[in-house]
Amino acid sequence: MGQVENWLEVEAHNFNPPIYALTLHLMFASKMGFHLDENLIKESKEKLGKVLDIYEERLSKNKYLAGDFFSLADLSHLPFTQYFVGQMGKEYMITNRKHVSA
Numbered sequence: 001m002g003q004v005e006n007w008l009e010v011e012a013h014n015f016n017p018p019i020y021a022l023t024l025h026l027m028f029a030s031k032m033g034f035h036l037d038e039n040l041i042k043e044s045k046e047k048l049g050k051v052l053d054i055y056e057e058r059l060s061k062n063k064y065l066a067g068d069f070f071s072l073a074d075l076s077h078l079p080f081t082q083y084f085v086g087q088m089g090k091e092y093m094i095t096n097r098k099h100v101s102a
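Here the sequence shown stands for residues 1 to 102, numbered as in the UniProt record's numbering.
Be aware that one or more of the hints could be misleading.
[To be verified] Label-pair restraints from in silico Cβ distances: (1) Lys45 - Ala12: 32 to 42 Å; (2) Leu72 - Met27: 20 to 30 Å; (3) Glu57 - Ser30: 33 to 43 Å.
By construction, these hints were calculated from the structure, which means they are not laboratory data. Computed from a predicted model, the values in this text were never measured in an experiment. Ideal placement from N, C-alpha and C gives every residue a C-beta, glycine not left out.
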């Protein structure tokens with residue numbers, strides 16, 4: 001169970017903040033009356049890219065984040081990822097990484 005908890009922490013502290021910022025700015029900012037912060041968008045893409053690179057490395061050695069079993073660690077990434085690859089059109093950040101996109 002330790003690996004599940006570790007990857008949940010990675011999701012909460014490293015994956016979620018940049019993908020949340022991107023989702024908020026790219027999908028909802030104009031609807032909420034906010035101006036797009038291009039610097040924040042660029043910075044968030046860079047941070048998310050680094051996290052996805054770590055995931056790519058991990059998933060090249062394991063079927064899932066916490067090992068060879070699907071767990072809450074994997075499931076917790078789905079809510080914002082669905083917007084990211086769907087409505088936001090940023091699927092290239094996922095599909096450019098063979099093991100992340102598998």
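For Lys45 and Ala12, compare the CB-CB distance with the range 32 to 42 Å and indicate the outcome.
Because 19 Å falls outside the window, the suggested range is violated.
With respect to the beta-carbon atoms only, verify the hint that Leu72 and Met27 lie 20 to 30 Å apart.
holds (25 Å)
Against the range 33 to 43 Å, how does the distance between the Cβ atoms of Glu57 and Ser30 compare: consistent or not?
Cβ of Glu57 to Cβ of Ser30: about 36 Å, so the range 33 to 43 Å holds.
In summary, the one numbered hint that this structure violates is 1.
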